[in-house]
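K.L.:
One letter stands for each residue in the lines below.
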Amino acid sequence: MSTQILMPALSPTMEEGKLAKWLVKEGDAVKSGDILAEIETDKATMEFEAVDEGRIGKILVPEGTEGVKVNSPIAMLEGDDERSSSPSSFQGKPSSRIEFGGGDVHSAAKPLPEPLRGSTSSGKSSTGAFASGLDPQGQGGKTLTEPEVPEGTEMVTMTVREALRDAMAEEMRRDDTVFLLGEEVAQYQGAYKVSQGLLEEFGDRRVIDAPITEQGFAGLGVGAAFNGLRPIIEFMTWNFAMQAIDQIVNSAAKTRYMSGGQMHCPIVFRGPNGPASRVGAQHSQDYSAWYAHVPGLKVIAPYFAADAKGLLKAAIRDPNPIIFLENEILYGRSFPVPKLDDCVLPIGKARVIRPGAHVTIVAHSICVGLILEAAEKLAAEGIDAELIDLRTLRPLDTDTVIESVKKTNRVVTVEQGWPICSIGSEIASQVVDKAFDWLDAPPTKVTGKDVPMPYAANLEKLALPSVDDVIAAAKAVCYRA
Amino acid sequence: MSEPRKAVVAGVNTSAPAANSLLLKTFYSDMLLIRRFDERAGQLYGMGLIGGFCHLYIGQEAVVVGMQANVGPQDQVITAYRDHGHMLACGMDPKGVMSELTGRASGYSKGKGGSMHMFSGEKRFFGGHGIVGAQVPLGTGLAFADRYQNNGGVSLTYFGDGAANQGQVYESFNMAQLWKLPVVYVIENNHYAMGTSVERSSAEPQLFKRGVSFNIPGEEVDGMDVEAVHAAGRKATEWCRSGNGPYILEMKTYRYRGHSMSDPAKYRTREEVQTMREKRDPIEHLGQKLISRGIATEDELKGLDKEIRLTVNMAAEFAIESPEPELSELFTDMVA
Chain A
1 MSTQILMPAL
11 SPTMEEGKLA
21 KWLVKEGDAV
31 KSGDILAEIE
41 TDKATMEFEA
51 VDEGRIGKIL
61 VPEGTEGVKV
71 NSPIAMLEGD
81 DERSSSPSSF
91 QGKPSSRIEF
101 GGGDVHSAAK
111 PLPEPLRGST
121 SSGKSSTGAF
131 ASGLDPQGQG
141 GKTLTEPEVP
151 EGTEMVTMTV
161 REALRDAMAE
171 EMRRDDTVFL
181 LGEEVAQYQG
191 AYKVSQGLLE
201 EFGDRRVIDA
211 PITEQGFAGL
221 GVGAAFNGLR
231 PIIEFMTWNF
241 AMQAIDQIVN
251 SAAKTRYMSG
261 GQMHCPIVFR
271 GPNGPASRVG
281 AQHSQDYSAW
291 YAHVPGLKVI
301 APYFAADAKG
311 LLKAAIRDPN
321 PIIFLENEIL
331 YGRSFPVPKL
341 DDCVLPIGKA
351 RVIRPGAHVT
361 IVAHSICVGL
371 ILEAAEKLAA
381 EGIDAELIDL
391 RTLRPLDTDT
401 VIESVKKTNR
411 VVTVEQGWPI
421 CSIGSEIASQ
431 VVDKAFDWLD
441 APPTKVTGKD
451 VPMPYAANLE
461 KLALPSVDDV
471 IAAAKAVCYR
481 A
Chain B
482 MSEPRKAVVA
492 GVNTSAPAAN
502 SLLLKTFYSD
512 MLLIRRFDER
522 AGQLYGMGLI
532 GGFCHLYIGQ
542 EAVVVGMQAN
552 VGPQDQVITA
562 YRDHGHMLAC
572 GMDPKGVMSE
582 LTGRASGYSK
592 GKGGSMHMFS
602 GEKRFFGGHG
612 IVGAQVPLGT
622 GLAFADRYQN
632 NGGVSLTYFG
642 DGAANQGQVY
652 ESFNMAQLWK
662 LPVVYVIENN
672 HYAMGTSVER
682 SSAEPQLFKR
692 GVSFNIPGEE
702 VDGMDVEAVH
712 AAGRKATEWC
722 RSGNGPYILE
732 MKTYRYRGHS
742 MSDPAKYRTR
752 EEVQTMREKR
762 DPIEHLGQKL
772 ISRGIATEDE
782 LKGLDKEIRL
792 TVNMAAEFAI
802 ESPEPELSEL
812 FTDMVA
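Those protein sequence lines, which keep their order, are chains A and B.
Residues in the first sequence are numbered consecutively from 1, following this note's numbering.
Residues in the second sequence are numbered consecutively from 482, following this note's numbering.
Don't read these hints as lab results, they were simulated from the structure.
There could be a bad hint or two in this list.
So the derived label-pair ranges between C-beta atoms look like this [to be verified]:
| hint | chain 1 | residue 1 | chain 2 | residue 2 | range |
| --- | --- | --- | --- | --- | --- |
| 1 | A | PRO319 | B | SER773 | 53 to 59 angstroms |
| 2 | B | GLU765 | A | THR65 | 31 to 37 angstroms |
| 3 | B | ALA684 | A | LYS461 | 45 to 51 angstroms |
| 4 | B | GLU807 | A | ASP209 | 43 to 49 angstroms |
| 5 | B | GLU788 | A | THR145 | 56 to 62 angstroms |
| 6 | B | PHE534 | A | ALA20 | 21 to 27 angstroms |
Just so it is clear, CB atoms sit at the ideal spot from N, CA and C, and this is done for glycine as well.
Generate the whole structure from the sequences, applying the supplied hints.
P.N.:
Written out as structure tokens, the structure reads:
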């Protein structure tokens, strides 16, 4: 039986090549691994090996021939029996379907019964998400509802720091696979005292001091999550997580997708994000937009203590990798928190924290404090602002923002991050896309300035968004001087 | 190849029982399957049926086959992107692997992963990772989970001589020894990190010594001899299972093909490759041993080759005929 030897593609881009030299002649016996010819691709001269055993029959393309198309026959191979199967026969008539032997492979005929998510299920228009790439964030058409706080529930005042600690402690009590790993989280009680008391209650099996080795322990956490645990990885600050961003993006965020849904990565990466005070450029950066950009992650950035607690509990229970962005300055602020046994909040739901009629102001994390203050002052000047606390940055609750903008016809976004490709940029784009006809003014961003954070007190102040910046932007979109 | 050497850190019992006849035959058959599979993969790449990057394991078969004989269903395996051999050695179906290579719905990752990104929850194969060295902290984390749950599992974490110079490898070594994690670091030293030889990239080319400053025992193994690999692997896995912490095995091996399909391999001579093929080939070597010890006849081995070629041909045919993923798969499996 004779088969054709075909011109091979020897690079991802090769379409044709030069048959530079034959290293065998007609009649030669060859076995797999023997070099048959040298072939010049678009990039290099490559050796071409035999795969099957046999005897070289007729050489169809003489050496020195240029422009030989990939997959065209270049020689014949005379085989001794059927084991030198012809590659070209693969492309011939379809034979009967071969049944799949493996247990855990999804056969073509029977796709996984995974519910279809993203835009295809949200019934979007003909351009659809394949073209626009909008809202494939995995929230689908799910309606998220806030758990009701029963009337008469006692409210206790606690700091954001205590709320975060309580969230971890409660989840560690209910699930032995939850553990906390990070620098200074155990014996030191946390660099910012967020993990105070956890070592005492849970012991050093579950509250673990890591060496200063962010890439290593972030990756270790991801591996532990693949293998059945629910790690909480604390970064002393998110600035240091840049050492680990490959593990967060390439390993944590993408593996479920790359594995066709087989691998699970229930992990929470948490720690303080954004500028603290007078710590300079390398320790003062807002990563909100960085992580919100990445498919496969969920990104949470709360302001209030109750949200910090309810969302961290949700994050720890969530089956996906979560980026939980805290804020050092907020750790010490106190807020009322409902005294409930198990209050878990929905991820992906923004909240209108002040209803208003004239302008929508959107913020997350510490900037929620700015807009609350700005709204008071604006009210005194007759501008009634509606305030939205995003709470989650991915999936972004665009619906709540759009609904508000359709009412107020104006939107201002506020954040500490840099202006280019910021959270505000994304909201502006979404508002223009989905509520263009309702707008009475261009969407306006208030952001950190487009510079590394300076150290000098006056320059640092200038680099960050202020209450006055918010007021000025709100007035501008309302066309008020 | 000179006598295997050991890093002077810990006293480890060097005696390990030899593999029995049945096991040797299995080794032969498993290595041959990987060889024939990757030969066919290279051919399908040449036909344009496999795209992108495709890293063949041809020449290194003894490493993964010898190691995998020491692990069971409670253990984990993770490696980088030269992963076809590891998947087959883990018992994954050649059809599922080949149809992932061709990017079809019936592939292990539904066609969304490709050659470098394949997984099997059932076979506890954790990938298939494309960033050099990134699988090392991940494998260490797999072992962390075993230790946390005290379940007796061991994690085999494979990486190459190139990855051995990545910082995160040493971050992992440190934590693994600090917390006595049951992980065997298998360094597959095929002598070339893409086109750069170990001598040109490594201040200390004896990679088994890389654990010395963490007190991790390490030893050099003839990675072209499946029996030597098997014996070393048994010792290392038993070390880990007994709660002693991690172990490093440096497998001296060789890849016959280029780094990837598009590598013309001009950094080494044709004679070097041919010498390895002719004198050190792990399959040829074991085949001769099976015959000389009377474990198998030449005809039996030929028959086995025929069977394996048939299996591989069926896998290739399946991989070519299977449909591509549905377009709706674009947005699935992103978040749970």
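K.L.:
All hints are to be evaluated individually against the structure, with a verdict given for each.
P.N.:
The hints, checked one at a time:
Between PRO319 (chain A) and SER773 (chain B) the CB atoms are about 55 angstroms apart, so this pair conforms to the stated range of 53 to 59 angstroms. Between GLU765 (chain B) and THR65 (chain A) the C-beta distance comes to about 35 angstroms, which sits within the given range of 31 to 37 angstroms. At roughly 48 angstroms, the beta carbons of ALA684 (chain B) and LYS461 (chain A) sit within the given window of 45 to 51 angstroms. For GLU807 (chain B) and ASP209 (chain A), the hinted distance range of 43 to 49 angstroms is satisfied, since their beta carbons lie about 47 angstroms from each other.
Take GLU788 (chain B) and THR145 (chain A): their Cβ atoms lie about 59 angstroms apart, and the range 56 to 62 angstroms holds. Evaluation of the 21 to 27 angstroms hint for PHE534 (chain B) and ALA20 (chain A) yields a pass: the beta carbon distance comes to about 24 angstroms.
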